[in-house]
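> In case you want the letters, here they are:
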Amino acid sequence: MTIDISQFHQVFFEESFEGLEIMESGLLNMDPGEVDAEEINAIFRAAHSIKGGSATFGFNDIAAFTHIMETLLDEMRDGRRQVTDKALEVLLRSVDVLREMLTASNGSGGLDEGLVKGQLQELEAVLNDRSDEPASGSDSDAGAVSTAREVIGWHLVFRPLPRMMQTGNDPLRILRELASLGDMEVEGDISLLPVFAQFDPEECYLSWNIHLKAGVDRLQIDEVFDWVEDECDLAVIPLYADARELIAAGEPAKDIIADLPSTMTVAEEPNRPDRRKNSDRRKADRRVEQRRASAAPASSSIRVDITKIDALINMVGELVITQSMLSMLSGNFHMGQVDRLRDGLAQLERHTREMQESVMQIRMLPISFTFSRFPRLVHDLSTQMGKKIELRMSGENTEVDKTVIEKIGDPLVHLVRNSLDHGIEMPDQRVAAGKPETGVVELNAFHNGGSIVIEIRDDGKGLDSDRIRRKAIEKGLIEESAKMSDQQLHELIFQPGFSTADKVNDLSGRGVGMDVVRRNINELGGNIEIESESGRGSAIIIRLPLTLAILDGQIISVGDEIYIVPLISIIESLQVRPDGINLVAGRGEVFKLRDEYLPVVRLHEVFGIEGNRAQDLKDGLLVVVEGDGRRCGILVDDLIGQQQVVIKSLEANYGRVEGVSGATILGDGSVALILDIPGIMRLTNQLPELQLVKRTA
Amino acid sequence: MPVQNEHRQATAESLTAGSRNEYLTFSLGDEDYGVDILRVREIRGWEAVTRIPNSPLYVKGVLNLRGTIVPVFDLRLRIGMPMRAYTKGTVVVVLRIVGSDGDRNIGIVVDDVSDVLSMDMAGIQRVPDFGSRLNTEFIFGMVSAGKKMIMILDVDRLAPDHGNGGSSCVRPGRNVNEEIS
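So the protein sequences, as listed, match chains U and V.
Read in the working numbering, the first sequence has 671 at position 666, and its numbers run on one by one without any break.
Read in the working numbering, the second sequence has 1130 at position 2, and its numbers run on one by one without any break.
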């Protein structure tokens, strides 16, 4: 049977990366010296899945690496090893290495072999360091692959659970595979066979004692049992050169199992199952599941919480009931029933709205998925920089659109790094400034009106307006004589190529500037603001639309036509005085908005609209918009109102239209097009000169 | 386009089988046209649509078909007939068309919807070649029903090229197909 398992690779990588997240956050939550069974179980489980998966898909390096991490975790879990700061640190670093190995296997990015080797040595060093072992610790040589003693063979006790064959696993296949590893002796155990009349052909009653006479790698054996791990009781005992007598003595297998330290393959006695451990693990499993439900893989699929689906189904049920009520009413309608009709319609409206909301909910994921990386980031960077920093997060459960989750990560990392690097001062400087030694970085997310707000606040030194000013003059961004408010100066940090960092280090000055952050956020339909007070700290405030399927729009009219301008790109709307208009080279119109000259875009010319009222600039309104970092004033007849609109695709049935980003349906059922501001600016530049000449003539 | 070929092939097969297909027929002036009834999604009266800026003249605009945005083409202009003012009888036929990138919906404006006719596929004839005088690429075949000759439309050819509303190469403020009208 050949199945192309490469088709499952993507799922494996997705799950593995999720597993890494779980491991990382779990490790960060753990306190040295204290074993939280749930936490460590969750970490162990995650490592275990990664190992199993990687072995299945043939990523043996990853499996081997994870195996050693797992051994360490297992010892911690069983209390045979104390949780030390050092061990946690090494594990955390191993998670990083593992992530790199996975990324490399996924085909993106090379792998530093030396790094992996070094980390392996470090892990093994921790593993072999027995100094912190509790006195009662049993001999756990068997658990460690890295042991120096030569393995000459393996003793396996393989006891399938009765249901194993129902899951399509054939013990014979496993035995054959084992046989391919080397010479072996198999001893069947038929003691559990029932009388013939009670024989169920779908159940497995046999078990086996296997002596594999080959010093193969432990991993090879594990690989054979990969598929049946949860379907059998399995003990794997290494045989060493000096332990031959163990086999010779023919010690009953049961005793061997009882004596075994818990190795990576779980050796549980079927007769006396360890209930507590089981339930712990189940809990951990469930938590992993919950985490997964909320985690967003970077593919286009989405995992939806079943409760959200249930809510939706309920809503549809309600809708059906309302609909049948209404159609019954219409069957023999008379004027006396007008009130009931009105009620029914109101109900219908309510259900429809609720349903729309719950459908939107499906795309929503808690922002904790993005936030979860920051404890680690702050932990690492603060150690590296020698600063004392506390990270406070709130609103992790605020739900945002899946696309936002995917795209907001990098900008946020950049901003938090900035806060750590430029914001928070060194401990001695803080004390000198009369502030507590430990700096605080806050990460908040909350809903405000129709948008999501993400704030990054620090109590550091704030932006240095003078330095920004000097830098801006140096770079030629502003005139030396320019008078600017602090707020305007702070805005300058979003200009491309602006960095006040005096020296380039690992954290800053790597070419990813605030302008990129702003652009990313603008792409999501959001905007970014900065508040800063010298000496007191600064705050970056990001506002994002609740969902990308709905936008806040300004409805405008030109002639008989109605268009929507995304509110987020509007800076202001104004009426210009005729003397405020200037011509460039006799053709291009510009108007002065405070310190800036902005081009005028006549929408009726760009879109070929007839019957517009505002032939003259003074008759219409200028909507000042920004797109792709450029500004212009769009001439429209009138502003009609603001409204949230649902974005519909024009491309699905028609095609792309330059200057239009999509369409929406207005309250009266008619279609209105949504303007694409950068597209309109491009169109304007292509306008045939003829029209411009005509206007000025 | 492979899909269209399949479609043509399928029709050719049914030609030999002598099966009967149902066609929705409508008129453009004195001429009668038909479309495969299975491609018709909806027939609605003409209502004002939202104009798409800088689009070819035959694109009347877009309408809201229960939440999806559907482009509406004037069939007369699309196949090169002179424009006629819309009346109360003017109808929009919403069709499902099959393209290489999946199904799409379009609306076509026709003068009047006549009838649904069941026609013998064997009776469909190829359109004679008019050379460059006349573009017959939208017409799949002709069939006679009683005294009338009905032209069967190849609906999949009515939409402009995929992925672009036929407008991206159009300069702003002008309509390309002005010369046609």
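Worth double-checking, as some hints may not be accurate.
Pairwise CB distance ranges, derived in the manner of DEER restraints [said to hold, decoys possible]:
hint	chain 1	residue 1	chain 2	residue 2	range
1	V	Gly1195	U	Val309	20 to 30 angstroms
2	U	Ile307	V	Val1226	25 to 35 angstroms
3	U	Pro380	V	Glu1175	56 to 66 angstroms
4	U	Gln580	V	Gly1227	20 to 30 angstroms
5	V	Arg1194	U	Met390	56 to 66 angstroms
6	V	Thr1215	U	Glu577	41 to 51 angstroms
7	U	Leu350	V	Gly1195	30 to 40 angstroms
8	U	Ser335	V	Gly1195	21 to 31 angstroms
9	V	Thr1215	U	Val309	47 to 57 angstroms
10	V	Thr1215	U	Ser675	34 to 44 angstroms
11	U	Gln328	V	Val1226	24 to 34 angstroms
12	U	Gln580	V	Gly1208	45 to 55 angstroms
13	U	Val521	V	Glu1175	42 to 52 angstroms
Residues of chain V placed beyond 10 angstroms of chain U at every Cβ, according to the derived structure [claimed, not checked]:
hint	residue
14	Asp1164
15	Ile1165
16	Ala1176
17	Arg1179
18	Asn1182
19	Val1190
20	Ile1197
21	Gly1208
22	Arg1232
23	Ile1234
24	Asp1248
25	Val1255
26	Asp1257
27	Gly1259
28	Gly1274
Calculated from the structure, these hints are not laboratory results.
The beta-carbon is built from N, C-alpha and C at its ideal position, and this holds for glycine as well.
> Indicate, hint by hint, whether the structure satisfies it.
Status of the hints after comparison with the structure:
{"no.": "1", "hint": "V:Gly1195 to U:Val309: 20 to 30 angstroms", "verdict": "holds (22 angstroms)"}
{"no.": "2", "hint": "U:Ile307 to V:Val1226: 25 to 35 angstroms", "verdict": "holds (29 angstroms)"}
{"no.": "3", "hint": "U:Pro380 to V:Glu1175: 56 to 66 angstroms", "verdict": "holds (57 angstroms)"}
{"no.": "4", "hint": "U:Gln580 to V:Gly1227: 20 to 30 angstroms", "verdict": "violated (47 angstroms)"}
{"no.": "5", "hint": "V:Arg1194 to U:Met390: 56 to 66 angstroms", "verdict": "holds (58 angstroms)"}
{"no.": "6", "hint": "V:Thr1215 to U:Glu577: 41 to 51 angstroms", "verdict": "holds (46 angstroms)"}
{"no.": "7", "hint": "U:Leu350 to V:Gly1195: 30 to 40 angstroms", "verdict": "violated (19 angstroms)"}
{"no.": "8", "hint": "U:Ser335 to V:Gly1195: 21 to 31 angstroms", "verdict": "holds (23 angstroms)"}
{"no.": "9", "hint": "V:Thr1215 to U:Val309: 47 to 57 angstroms", "verdict": "holds (50 angstroms)"}
{"no.": "10", "hint": "V:Thr1215 to U:Ser675: 34 to 44 angstroms", "verdict": "violated (21 angstroms)"}
{"no.": "11", "hint": "U:Gln328 to V:Val1226: 24 to 34 angstroms", "verdict": "holds (32 angstroms)"}
{"no.": "12", "hint": "U:Gln580 to V:Gly1208: 45 to 55 angstroms", "verdict": "holds (46 angstroms)"}
{"no.": "13", "hint": "U:Val521 to V:Glu1175: 42 to 52 angstroms", "verdict": "holds (46 angstroms)"}
{"no.": "14", "hint": "Asp1164", "verdict": "holds (19 angstroms)"}
{"no.": "15", "hint": "Ile1165", "verdict": "holds (20 angstroms)"}
{"no.": "16", "hint": "Ala1176", "verdict": "violated (8 angstroms)"}
{"no.": "17", "hint": "Arg1179", "verdict": "violated (6 angstroms)"}
{"no.": "18", "hint": "Asn1182", "verdict": "violated (6 angstroms)"}
{"no.": "19", "hint": "Val1190", "verdict": "violated (5 angstroms)"}
{"no.": "20", "hint": "Ile1197", "verdict": "violated (5 angstroms)"}
{"no.": "21", "hint": "Gly1208", "verdict": "holds (21 angstroms)"}
{"no.": "22", "hint": "Arg1232", "verdict": "violated (5 angstroms)"}
{"no.": "23", "hint": "Ile1234", "verdict": "violated (7 angstroms)"}
{"no.": "24", "hint": "Asp1248", "verdict": "holds (33 angstroms)"}
{"no.": "25", "hint": "Val1255", "verdict": "holds (28 angstroms)"}
{"no.": "26", "hint": "Asp1257", "verdict": "holds (31 angstroms)"}
{"no.": "27", "hint": "Gly1259", "verdict": "holds (30 angstroms)"}
{"no.": "28", "hint": "Gly1274", "verdict": "holds (35 angstroms)"}
In summary, the structure is inconsistent with hints 4, 7, 10, 16, 17, 18, 19, 20, 22, 23 from the numbered list given earlier, while agreeing with the others.
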